[in-house]
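Engineer: According to the numbering used here, the sequence shown is numbered sequentially starting from 737.
There may be inaccurate statements among the hints.
Stated by the list, open to error - Each computed SDA-like pair below joins lysine to any residue, with the alpha-carbon atoms no more than 25 Å apart:
id, residue 1, residue 2
1, Lys1103, Asn1012
2, Lys854, Ala836
3, Lys762, Gln823
4, Lys1039, Lys1103
5, Lys929, Phe895
Unchecked claim - Derived CB-CB ranges, DEER-like:
id, residue 1, residue 2, range
6, Leu896, Tyr765, 48 to 56 Å
7, Asp804, Leu754, 16 to 24 Å
8, Lys943, Arg1101, 37 to 45 Å
9, Gly1004, Asp951, 23 to 31 Å
10, Glu759, Gly840, 15 to 23 Å
11, Lys943, Met741, 13 to 21 Å
12, Cys894, Thr1011, 42 to 50 Å
13, Pro1001, Leu958, 51 to 59 Å
What the hints contain is simulated information worked out from the structure, not anything from laboratory work. C-beta: ideal position from N, C-alpha, C; glycine also.
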Amino acid sequence: MNKDMMVTLSDIREEMHLVKDRETGKTVYQPAYFSGMKTLIQGAYAFASFFEKMHLQQKVYVGNDPSDFYFSLESGEMEYRGEDRFQEISEEGEVLSSDADVIGINEYAAPELLMSLKEGEPLHFNDETDRYFISVFLFEYFFHTGSPFEGKMMVNRCFLSPLEKELFRTDHGIFCMDAGDHENQPVKGIQDKLIRYWKAYPDLLQKMFMRAFMDGATSTFLRPSAVDWMKVMIHLLMDYKECSCGYHGFSCTLPEQENGTRLCPKCGKVYYPLTNGMDTLWLAEGQKLYECQTGRVPFDKEKVTGIVVENRQRKGLYGIKNLGLAEWRGMFPDGTIREIGQNQAMPIWNGMRIRFELGEDWFLRLKSTEKLPIPETEEEVERNDSDETGMNAPDMTDREDVRYE
């Protein structure tokens, strides 16, 4: 398989790609899978980021053709290869078009565009029509399925014309993954990929699609924006764990223990929950922290600013080592406050608090009375703050046993 090949959404949905064999010259089908989960998420991030870039240039997508967008299976890089369908919006925040051929009759067309098409009125393209296109595209991208409304109701209306089908969806469509309404649920044997893949992702992603196709069905301003999708993809990237033992999975796949920690199901590595009340960082030996989590650049998912390491002198005692330039503030269980500078570490203790660069407090509270290992003496605390200990040693990031490839 040529991992560097670029594929379309259709290839991703079908999980197959038609290519020309380099040796025989014949056209053959090859599997079309991303090189890993993080690569798949990177592709979705690149897609949303591209639209945000266009919106910053005051442009919107005057079209709805998913084949304009290509993705690298190896890196997740996205390329726009369509005609120049992005046009500058007017002072009213939209682009008017009287050309009905600029959109196809398909599930990517926002309901308001289809209604205008039905009435023979000009088409109004704006940020909200882009939001709808993005959401439908990403739904099919992640779940390898058809329209978000392609459930039992639509299967039973297979003889409608394309326009009739989409207008029915506009007037009567029910999101097929609406847990509170089973009238349009996915059909086994036809939408097995959707049923299987829907369960593979964290609730956060599911809730975004519910917002897009339930809340945003009538209140178009509630549809997730490109930036909203970028934030979700960053969260998914940070949440996906690649354990040194070879286990890969989102944090929700790690078995939860009574005290609130989670374990790697393969090697038993312990993950400790550090939370700000809304989000949770799961800390385990070798776990890296990034600028988007601790710093001032919310979409910087490449710069490493911290890493969880084990104290050389106390096995089982871990700390978050600061690899960035900005100081953190550590609040110890006894009320002591210390500044955590570059190459220093904050021990991971039950009852700890830490304030990263943005000034937001993160804390660790286990559900039971079990305590994490702590230094036994004040002298040991002092030793933990020096670069002579394993927790703060400058060469810790080069250790094979704490590195995640």
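Engineer: None of the hints should be skipped; say for each whether it holds.
Structural biologist: Tested hints:
1. Lys1103 <-> Asn1012: holds, 16 Å
2. Lys854 <-> Ala836: holds, 10 Å
3. Lys762 <-> Gln823: violated, 40 Å
4. Lys1039 <-> Lys1103: Outside the cut-off at roughly 32 Å; violated.
5. Lys929 <-> Phe895: holds, 23 Å
6. Leu896 <-> Tyr765: 48 to 56 Å: violated, 31 Å
7. Asp804 <-> Leu754: 16 to 24 Å: With a Cβ separation near 18 Å, Asp804 and Leu754 satisfy 16 to 24 Å, so the hint holds.
8. Lys943 <-> Arg1101: 37 to 45 Å: At roughly 25 Å between Cβ atoms, Arg1101 and Lys943 fall outside 37 to 45 Å, so the hint is violated.
9. Gly1004 <-> Asp951: 23 to 31 Å: The hint (23 to 31 Å, Cβ to Cβ) is violated, given that Gly1004 and Asp951 are roughly 41 Å apart.
10. Glu759 <-> Gly840: 15 to 23 Å: Violated - the Cβ-Cβ distance for Glu759 and Gly840, about 37 Å, lies outside 15 to 23 Å.
11. Lys943 <-> Met741: 13 to 21 Å: violated, 33 Å
12. Cys894 <-> Thr1011: 42 to 50 Å: The hinted range 42 to 50 Å holds for Cys894 and Thr1011, with Cβ atoms some 48 Å apart.
13. Pro1001 <-> Leu958: 51 to 59 Å: The hint (51 to 59 Å, Cβ to Cβ) is violated, given that Pro1001 and Leu958 are roughly 37 Å apart.
Of the hints listed earlier, those the structure fails to meet are numbers 3, 4, 6, 8, 9, 10, 11, 13, in rising order.
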